[in-house]
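Q: Chain residues, written in single-letter form:
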Amino acid sequence: MGGISASSPQLQRRNWTWLYFLLPSIVIMLLFFIYPILLTFFYSFTNLALTGEAAKELKFVGLDNYTRMFQDPTVRISIWNTLVFLIGSAVIGQQVLGFLIALLMKHKNKTFRRVIGTVVLAGWVTPEIVCALCLYSFFGDEGTLNAIISFFGISPVTWLFTVPMLTVILANIWHGTAFSMLVFQAALDDVPSEIEEAAVVDGASKLQILLRITIPYIRETITTNAMLVTLQTLGVFGLIYAMTGGGPGTKTTTLPIFMYNQAFVNYQLGYGTAISLLLLLLGIVLSLFYIRSFKK
Amino acid sequence: MLAKRKWALMSSALLLAVTMGCSNSGSSSAPQAQGNDPAPSQGGGDKAATEKKTITITYRDDGTGEKGTLYKWIKEVSASYPNKNVEIKPTPIQASEGDYFAKIALALKSKDTAPDIVTEDTFMLNSDASAGFLEPLDDRLKGWEDWSNGSFIEAMKKGVTASDGKVYGVPYNTDSRGLWYNKEIFKKAGLPEDWKPKSWDEVLAAARTIKEKAGSDVVPIWMNLGKATGEATSMQTYEMLLYGTGERLYDDASKKWIVKSQGINDALAFIETIAKEKLGPPLSKVLNGQAGNTATREYLPKGKLAISLDGSWITGNYLEGGASPWPEYKDVLGFAPMPTSKGQAPGTITLAGGWALSIPSNAKNKDEAWDFIKFALNKENTQKLVMSSGNITVRADVAKDPEYTQMPFNEIATEYLKNAEFRPAQDKYPEVSTQIQTMVESVATGTSAADAANKYAQDVTRIVGQEHAIEK
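Residue numbers (the numbering used here), protein chains in the order written: chain A, 1197 to 1492; chain B, -16 to 455.
A few of these clues could be false.
[Unchecked claim] Using 25 Å as the maximum straight-line C-alpha spacing, the simulated PhoX-like pairs for lysine-lysine come out as follows: (1) B/Lys94 x A/Lys1447; (2) B/Lys285 x A/Lys1255; (3) B/Lys171 x B/Lys140; (4) B/Lys67 x B/Lys357; (5) B/Lys170 x A/Lys1447; (6) A/Lys1252 x B/Lys362; (7) B/Lys238 x A/Lys1255; (8) B/Lys194 x B/Lys259; (9) A/Lys1252 x B/Lys181; (10) A/Lys1255 x B/Lys243; (11) B/Lys349 x A/Lys1255; (12) B/Lys455 x B/Lys140.
[Stated by the list, open to error] Take a look, some chain B residues computed to stay more than 12 Å from chain A by CB distance: (13) Met107; (14) Lys268; (15) Pro413; (16) Gln418; (17) Glu424; (18) Asp442.
[Said to hold, decoys possible] Computed footprint of chain B on chain A; a stretch qualifies when at least three of its residues, placed anywhere within it, have a C-beta under 8 Å from a C-beta of chain B: (19) 1247 to 1260; (20) 1296 to 1303; (21) 1319 to 1330; (22) 1462 to 1475.
Derived by calculation from the structure, the hints in this document are not laboratory data. Every residue, glycine too, gets a C-beta built ideally from N, C-alpha and C.
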């Protein structure tokens, strides 16, 4: 009806149209992301419990959960374990291995790439719990690994008990490397071959090309990938829980495991939510760190 | 246009009125019908038949599904339940023991998910009762003859009484703990086949003899020592030792948790001795969640374990159709009472646990649920359950029944209950229990008893608060 002549009211209306399109996602974000975080924040100042007297009556306890958290030596151990697990399995393990596989597969023939790619992907598409059970039976006392080494006359080792952190780190590497591999494959394919060829003509060695050209070229991908695998690994629960249950002792108790134990074994949901906020904080700090180093 | 709208408005108002009327009558008339008119008249018969009530029973399924003892028992009992207007429906939760408590706590919170009957472990009963999840049964129990005429063993009522003095469940089984031992290994090592140790030293002496004489593939003594075995570590190991020293976890008089005592030191010293002299199971086996099953289903029947400090129920595994059938267990195994630390009075000690049927406060059909509980836990039906599960009965009349007493070990296991102690009916117990497991595991893995005890004192004080902790 209005046509072109009524341009000014239409413009005005147009200014708000973005809101209509964004509204669904804003609502979803508020409902499923912001609201739970606010709720968690609120509950972390209460005595919320699954059962017992405290379950009847929600009470505001101020900073009790937080002071308790800072006094609790297990919290410090859990933070330390989380960082070891994170750096060992994600930042170093998955990234470096994923990058190496991607690099070695570059310029190889299609069949080779397809076969190796599928094999590595198998670990990634396997559900976490299946993966945990597979590796549990691999590292178990009567497991595959011990069967192999005893074939060579070496006496069996109780892997899950002697080196528990190493076993869960290896399990997470096995499970997650494919993701980094795929990301790096795409990035490496984008490195223009002309630049590399030019470097070869200039007499650069393979290592020099890698360090001076390839890696700087895909630097942004490395940071993004590091951030993604970090956030994925921070939340790993099922894998560790099924393999070692956080033990022996507290040797593989990471923050998610500790949080679960407080919330659902000791029934202290309020304390559990306070720990979950610590985990959230750790995620935010690490993300900011990556974003800053990305900007440099 | 206007007429059409008016019509729509009127019809929707009508619809609203009708639905409201329905839901109204539904909620108000139902309890009336059952309260005043338990036996429906001829005319109401049809109506009652269409309004058949479903009573749901929630219990823990340990993965056995329809082969599970409880499932089979519920089916059997409900088939013979005279009130045919009620349908009994098992609604199991498949979970590990620890997860089960978290899951029922969540289910009991809401009217939409609460079952009509729930099986409660007596140590969680107090927590769930003080959370307001359970219905006090005192008024209903008054009208039940079995409860007051001595059919139930009096001591067992303590296990279902919460800290407010009210009863929140009807117990259906219990258990005692003691020293299972393999007579064949004892014979080989030159120890008496009818073994009754008088003190902890005698237990240790026997274990040392076995280590020396029975071969390196035999574990002298098995106790659950890990966090992974949860409550089994707290109750079967630590509390059996602690209560045997005469000390308790919680001081009833002052209403405080005992965080330091000679009893704690003695109990830990016993565990330390076992660890240092390597009298116990390999750590990689005992610190994992399957430890209990490894001992009862694998090591004990295969003759690789001499003494096992465990519960009376383990023989349930050896029955036909059990997890690890072993018909010879009657002759090979012995069940000795756990002595007090130095043999002081009462000489032996056991801790008792057990399970009860409770009615959630959010249950929909409380009256029907209660009627069914009375039927399910009468003498005949309780007996069926404890006989098939290998547990001990809480009913005095079942305990006297020859069919029950002729089951191997039932009589002695029931006898041990005379000196039975219960875990403190306190809210904080599950959390304190976690600290116990941490303490026991750290001693088993080489931390000194003194360090572990100090850490326990600190952690428990932090959990229960300075004002609820006491040092002895």
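Q: With reference to the structure, classify each hint as holding or not holding.
A: Here is what the structure says about each hint:
1. This hinted pair does not check out: B/Lys94 and A/Lys1447 have alpha carbons roughly 41 Å apart, beyond 25 Å.
2. Our distance criterion of 25 Å between C-alpha atoms is broken by B/Lys285 and A/Lys1255, whose separation comes to about 54 Å.
3. Simply put, B/Lys171 and B/Lys140 have alpha-carbon atoms about 43 Å apart, too far for the 25 Å limit, and the pair is violated.
4. Using a Cα cut-off of 25 Å, the hinted pair B/Lys67 and B/Lys357 holds, with the two alpha carbons roughly 16 Å apart.
5. Distance restraint check for B/Lys170 and A/Lys1447: the Cα-Cα separation of roughly 41 Å exceeds the 25 Å cut-off, and the hinted pair is therefore not satisfied.
6. With a CA separation close to 36 Å, the supplied pair A/Lys1252 and B/Lys362 exceeds the 25 Å bound.
7. For the given pair, B/Lys238 sits about 22 Å from A/Lys1255 by alpha-carbon distance, which is consistent with the 25 Å threshold.
8. A distance of roughly 13 Å separates the Cα atoms of B/Lys194 and B/Lys259; the hinted pair therefore holds under the 25 Å criterion.
9. Note on A/Lys1252 and B/Lys181: the hinted pairing is violated, with a Cα-Cα distance of about 46 Å set against a maximum of 25 Å.
10. In summary, the hint linking A/Lys1255 to B/Lys243 is not supported, as the alpha carbons are separated by about 30 Å, beyond the 25 Å threshold.
11. For the hint linking B/Lys349 to A/Lys1255, the alpha-carbon distance of about 30 Å lies beyond 25 Å, and the restraint is violated.
12. Proposed proximity of B/Lys455 and B/Lys140 is contradicted: the alpha carbons are some 30 Å apart, above 25 Å.
13. A beta-carbon of chain A comes within 12 Å of the beta-carbon of B/Met107; the shortest separation is about 7 Å.
14. The beta carbon of B/Lys268 is not kept farther than 12 Å from every beta carbon of chain A, the shortest such distance being approximately 8 Å.
15. Listed as outside the interface, B/Pro413 is inconsistent with that label: its C-beta sits roughly 6 Å from the nearest C-beta of chain A, within the 12 Å cut-off.
16. Consistency note on B/Gln418: stated as away from chain A, yet its beta-carbon is not over 12 Å from all of that chain's, at 9 Å minimum.
17. The beta carbon of B/Glu424 is not kept farther than 12 Å from every beta carbon of chain A, the shortest such distance being approximately 6 Å.
18. Non-interface call for B/Asp442 relative to chain A: violated, since the shortest CB-CB distance, roughly 8 Å, does not exceed 12 Å.
19. With a threshold of 8 Å between beta carbons, the proposed coverage of the segment 1247 to 1260 of chain A by chain B holds, since 6 of its residues qualify and at least three are required.
20. With a cut-off of 8 Å between beta carbons, the segment 1296 to 1303 of chain A has 0 residues touching chain B; three or more are needed, and the interface restraint is violated.
21. Using a Cβ-Cβ cut-off of 8 Å, 0 residues of the segment 1319 to 1330 of chain A lie near chain B, which falls short of the minimum of three, so the contact claim is violated.
22. Residues of the segment 1462 to 1475 of chain A with a Cβ under 8 Å from some Cβ of chain B number 3, which satisfies the need for three, so the listed coverage holds.
The structure is inconsistent with the numbered hints 1, 2, 3, 5, 6, 9, 10, 11, 12, 13, 14, 15, 16, 17, 18, 20 and 21, although it conforms to all the rest.
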